[in-house]
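First to last, the sequence lines map onto chains A and B. Be aware that the first sequence starts at 1, since it is given in this note's numbering, and climbs by one per residue. Be aware that the second sequence starts at 1, since it is given in this note's numbering, and climbs by one per residue.
Since the hints were made in silico from the structure, they are not lab data. Be aware that one or more of the hints could be misleading.
No copy labels: a pair is met if it fits in one copy or bridges any two.
Stated by the list, open to error - Pairs of lysine-lysine residues, derived as DSBU-like cross-links and limited to a Cα-Cα distance of at most 30 Å, are as follows: (1) K279 - K549; (2) K513 - K321; (3) K195 - K134; (4) K515 - K589; (5) K513 - K460; (6) K280 - K300; (7) K515 - K324; (8) K337 - K280; (9) K547 - K280; (10) K159 - K114.
Protein chains: 2
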Amino acid sequence: MSLLIKAANNLRHPFAPGVKCMSVTFQGFHLKHAAQINSCQHQQYKRQFSGKTAKPPKSNTTMYTLFTVGCITMGYFVFDNMEKLKRQEKSIKNTEVIKTPKVEDKVTSGDDYKQWHSTQRQDLPTFKLDEIQKHNSLENGVWVTYGIGVYDITDFIPKHPGSDKIMLGAGSAIDPFWAIYQQHNTQEILTMLEKYRIGNISPEDEVATDDMGSPWAHEPKRHPLLRPTSERPFNAEPPITILADNFYTPNEFFYVRNHLPVPVIDEKTYELEVEIETKKAAAKSTQKVLTLADIKALPKHTVTAAVMCGGNRRSEMTSVKSVKGLSWGAGAVGNAKWSGARLRDVLLAMGVQANEDLHVILEGADLDPTSSPYGASIPLSKALDERGDVILAYEMNDKPLNRDHGFPIRVVVPGTVGARNVKWLTRIAVAEHESNSHWQQNDYKGFSPSTDWDTVDFTKSPAIQAMPVTSAICTPSAGDKVKVTKDGFVEVRGYAWSGGGRRIVRVDITADKGKSWHVATLEQENEPDGRHYGWSLWTARIPVDAKHKGEEVEIWSKAVDSAYNVQPESFENIWNLRGVLSNAYHRVKILLN
Amino acid sequence: MSLLIKAANNLRHPFAPGVKCMSVTFQGFHLKHAAQINSCQHQQYKRQFSGKTAKPPKSNTTMYTLFTVGCITMGYFVFDNMEKLKRQEKSIKNTEVIKTPKVEDKVTSGDDYKQWHSTQRQDLPTFKLDEIQKHNSLENGVWVTYGIGVYDITDFIPKHPGSDKIMLGAGSAIDPFWAIYQQHNTQEILTMLEKYRIGNISPEDEVATDDMGSPWAHEPKRHPLLRPTSERPFNAEPPITILADNFYTPNEFFYVRNHLPVPVIDEKTYELEVEIETKKAAAKSTQKVLTLADIKALPKHTVTAAVMCGGNRRSEMTSVKSVKGLSWGAGAVGNAKWSGARLRDVLLAMGVQANEDLHVILEGADLDPTSSPYGASIPLSKALDERGDVILAYEMNDKPLNRDHGFPIRVVVPGTVGARNVKWLTRIAVAEHESNSHWQQNDYKGFSPSTDWDTVDFTKSPAIQAMPVTSAICTPSAGDKVKVTKDGFVEVRGYAWSGGGRRIVRVDITADKGKSWHVATLEQENEPDGRHYGWSLWTARIPVDAKHKGEEVEIWSKAVDSAYNVQPESFENIWNLRGVLSNAYHRVKILLN
């Protein structure tokens with residue numbers, strides 16, 4: 001039995017609460033046809049991560065990558081419609097069939113589109129599962145089911161952004177894949193899907209949903225101040241007006257970026273697997289399992305580090321041209337004091353030697369419908385660097401991590417994009433390759449402004465690690481009427497940060513489009529350059545001409561880091577299709593009062 | 001006797017060729033009054049660097065700083081006028097006195113201003129040295145001599161950019177200080193000086209120049225391709241059209257940035273002093289002297305590193321608003337394979353322990369008129385970092401260093417501004433403070449665009465270490481008529497680089513002001529990020545509309561490094577009074593042919 005399974009057995013599977021996760025996979029869904037495909041894929045996943053082989057066979061790796069990516073690419077919508085589905089299933093059972101309008105008529109009919117896939121179409125025939133399953137290739141046509149709908153998506157295959165990866169769902173249900181990514185549950189996509197509808201699932205093959213449960217049933221309670229950009233998975237930021245009030249962002253206001261449901265972990269049985277997958281690391285021991293007590297017994301190290309989402313300030317980039325991703329404001333960042341064991345200590349204790357070719361793969365307990373965990377990786381050099389300050393954190397601002405921030409253990413990789421700071425850490429592997437996860441391979445990368453979804457090749461850009469220099473104006477907010485002081489000043493406050501431990505050395509503010517720049521006063525820790533992982537708060541008093549009272553003024557902020565890198569001026573020339581690395585000048589228009 | 005003196009005894013003093021330097025100081029000048037002040041200051045310098053005290057008394061340090069900075073601040077002009085001076089001295093002796101026009105008339109009279117200070121003014125009285133020396137305070141008035149001129153600069157003192165530091169020259173000659181910095185030998189400054197003229201030095205106090213020698217007499221021969229931005233000290237860059245032709249810049253074309261005359265060093269007697277000045281380093285031994293053979297006996301380490309002047313591309317910044325500094329094009333950079341001993345190995349052998357508070361001071365054999373060496377420092381953390389790759393280089397592209405590049409030893413600090421890559425290395429010191437040199441403290445720092453010479457406070461900005469991301473178009477050149485290929489393309493080539501070991505991950509080129517960007521093909525080493533110190537050459541084929549033939553097109557280049565830092569768009573918002581860090585988009589206008 002793989003170590004992953006051992007570790008994971010201590011967790012409750014988000015899709016089957018109360019049941020050991022690896023042994024059940026998609027039984028939790030009781031989607032019979034879904035279970036068929038998934039148990040097969042899950043075997044594949046288990047083989048991939050069985051931990052017996054230092055180098056997993058390449059074909060497995062490729063298959064796994066294809067599969068994971070495929071699932072995620074396909075995985076857009078549903079699961080929160082399960083309650084509605086339940087109700088509607090009952091309706092169907094009671095033969096109170098809702099008359100479904102034709103697709104062409106539907107677009108304008110309010111929220112109805114959310115129920116189409118769970119509604120019988122009397123104008124279309126009924127298919128049995130074994131018939132549907134035959135349509136699993138381009139030769140035989142590609143059919144999928146969603147809810148009780150049957151869809152022939154053969155014509156859509158070449159148009160799918162993930163190209164042939166969609167084929168992994170051919171002949172079966174896409175429900176489990178679409179269960180997670182509710183931000184894509186859009187009228188546009190559901191309307192498109194309904195256009196491909198060819199029928200209904202035969203009543204005897206319909207899903208029994210009574211004991212289905214919800215992967216979202218165990219989400220933690222959140223502070224009402226957090227403003228969600230998506231509810232499921234939960235992603236939320238605080239209003240940025242409060243960000244600059246605290247050098248250490250209070251845990252309850254700290255932005256949350258979850259990619260999957262929050263796992264339920266019992267700290268008493270929690271285990272962290274560490275595996276050295278390659279001989280190149282020259283380690284003395286290649287496997288280790290650490291309990292929470294083991295981790296806490298290691299020397300405790302504290303580091304102040306801002307953690308920032310790769311998509312922070314995406315909404316500003318979107319204003320140039322739309323991008324794919326959550327519409328973050330400038331609040332997808334927080335600064336905290338993190339305490340835990342050094343990853344370096346864990347690896348050195350196993351005898352791991354420095355090697356520029358190696359990576360440390362980090363996996364969380366948050367699982368997607370295929371039971372694949374959230375995953376990311378960092379270079380081994382960062383993990384081993386004493387000045388890298390990578391820790392297995394169990395405390396955030398002197399309190400135990402809360403569930404949204406990775407209880408009981410998250411990796412904190414200071415200076416590195418949030419996505420690599422893996423939460424609910426269950427597995428660490430030293431390997432010759434980066435994480436194969438979607439988030440490492442096909443997300444969180446930058447591209448040229450002229451690269452679009454037709455031309456993008458994710459293998460051509462490196463996964464974001466250290467983040468570029470940025471800053472934001474926290475107060476005043478856009479549109480605020482701002483009182484000019486008697487001596488003719490406006491006070492402006494904000495944050496600035498740069499990745500890679502680069503200290504902020506200056507923040508310049510202008511209220512006259514760069515004719516005059518005013519150097520802000522910084523509040524920051526006195527950490528050395530290269531190891532300055534916390535953010536800097538700043539305050540500037542900008543002189544404004546009293547005669548402009550009542551007029552609009554645009555304030556810009558521009559930060560400079562210790563390598564004298566500076567924010568670019570505008571978003572036009574850094575635009576990228578994923579809307580990451582959105583670090584141009586922050587510009588806020590206010591009214592002088 | 002200090003170790004420095006021991007080391008320096010093996011060098012020929014640039015101002016007294018053939019004479020052991022420490023024992024003579026300014027005898028080489030035979031400027032009697034200059035020798036008086038300088039021998040005193042030199043004692044102070046010797047005390048400062050006597051190496052007996054781990055912590056030099058603060059007052060000494062301050063005095064030394066004041067003195068060095070003062071000398072340099074004052075040190076603007078002359079020495080290459082010595083030949084002329086010689087001729088004129090003879091004229092004076094022969095009483096062929098040149099009639100000097102009044103200052104007001106002189107401004108328009110060609111190059112005459114260069115001879116004013118070596119010309120008797122018959123309209124003014126004559127002063128004896130002991131009279132001049134009394135005027136050494138604000139109370140008694142501040143007089144200085146330059147050539148045979150006597151000047152009352154009392155009124156100028158408050159206007160002097162270096163404020164009271166000018167007082168170090170009060171009552172004596174400024175010739176030795178102005179001997180080095182010939183780029184400041186401007187009509188503006190000499191005219192200003194002449195306005196303060198009050199007389200002539202008494203004939204019996206005039207300088208005997210016959211055996212004065214020239215600190216520039218031993219400059220090496222340079223390749224005619226190098227285009228000087230200043231002759232003395234020699235600063236020159238190759239035409240950038242040839243830069244992109246070689247991944248390793250040929251040594252003879254490699255830009256030269258000298259701050260002082262090139263020292264003459266005998267490799268047989270060369271010695272490098274290493275001193276651990278602070279107990280915080282916890283070193284086992286605190287002093288060591290290494291011969292060239294000792295250094296070569298250490299494990300040889302090779303690193304490819306681009307070295308770039310902090311002022312590279314300054315001329316582009318100047319086009320926005322003038323700055324102080326040599327007018328570099330984009331050729332003040334080169335890429336080479338450097339080989340030598342690791343600085344880390346030297347320090348570890350002495351038992352030096354990592355400490356975030358400490359610095360490594362690096363000093364060259366190139367001396368200013370006060371016998372102060374060129375100096376710089378880097379953080380100890382960089383020196384000790386295995387991935388920092390700091391070496392004591394004796395080879396450049398597999399050949400021994402040539403004299404312009406630091407023969408026999410220069411420090412190569414990969415990823416760090418050229419100014420810290422100290423040439424002709426004679427002393428290394430681990431200390432609690434940065435180098436006190438002018439170049440570390442009052443130069444090579446960045447400031448806000450609104451900071452000017454009235455408001456600048458050099459203590460407020462950190463010394464440049466790692467450099468920001470940059471790129472330049474090497475071909476075509478501005479104004480070139482460029483042939484459009486049959487299939488409608490223009491080929492563009494250039495270099496890109498970022499400091500701190502950050503790999504270049506993308507270079508974007510546009511020929512339509514950013515409407516479309518084209519990703520260039522990179523030629524670079526496969527070194528890991530954080531340790532990618534070499535530059536990247538790039539080539540892009542840009543489609544151009546055939547109907548624009550005969551028209552002007554502006555090409556822009558923009559590089560992105562592994563932290564996804566990107567060049568700023570324009571110079572307006574990164575302008576700084578020293579014209580350093582000039583890394584905005586490179587823009588070249590060409591004519592389509």
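Worksheet item: Is it within a copy, between copies, both, or neither that the alpha carbon of K337 lies no farther than 30 Å from that of K280?
Response: This pair counts as between: shortest inter-copy Cα distance 27 Å, intra-copy 34 Å.
Discussion item. My question is about K547 and K280: at a cut-off of 30 Å on alpha-carbon distance, are they close within one copy, between copies, both, or neither?
Written reply: Answer is neither; intra-copy 69 Å and inter-copy 57 Å both fail.
Discussion item. Reference check for the pair K513 and K321, CA-CA at most 30 Å: within, between, both, or neither?
Written reply: both (23 Å within a copy, 17 Å between copies)
Worksheet item: For K280 vs K300, is the C-alpha pair at or below 30 Å within one copy, between two copies, both, or neither?
Response: both (29 Å within a copy, 24 Å between copies)
Item to complete: Can you give me the call for K159 and K114, within, between, both or neither, at a CA distance of at most 30 Å?
Response: Within one copy only: 23 Å inside a chain, 76 Å across chains, cut-off 30 Å.
Discussion item. If the cut is 30 Å between Cα atoms, do K515 and K589 qualify within a copy, between copies, both or neither?
Written reply: For K515 and K589, the Cα distance is within 30 Å both inside one copy (17 Å) and across copies (26 Å).
Worksheet item: For the identical chains here, do K513 and K460 meet the 30 Å Cα criterion within one copy, between copies, both, or neither?
Response: Classified as between; 24 Å across copies, 36 Å inside a copy.
Worksheet item: Between copies, within a copy, both or neither: which fits K279 and K549 at Cα up to 30 Å?
Response: neither (69 Å within a copy, 59 Å between copies)
Worksheet entry | Homo-oligomer pair classification [K324, K515; C-alpha up to 30 Å] | between (35 Å within a copy, 20 Å between copies)
Worksheet item: How do K195 and K134 come out at 30 Å by Cα distance, when the copy is not named: within, between, both, or neither?
Response: Close inside one copy (21 Å), not across copies (100 Å); limit 30 Å.
Violated hints, listed in ascending order, are 1 and 9; each of the other numbered hints is respected by the structure.
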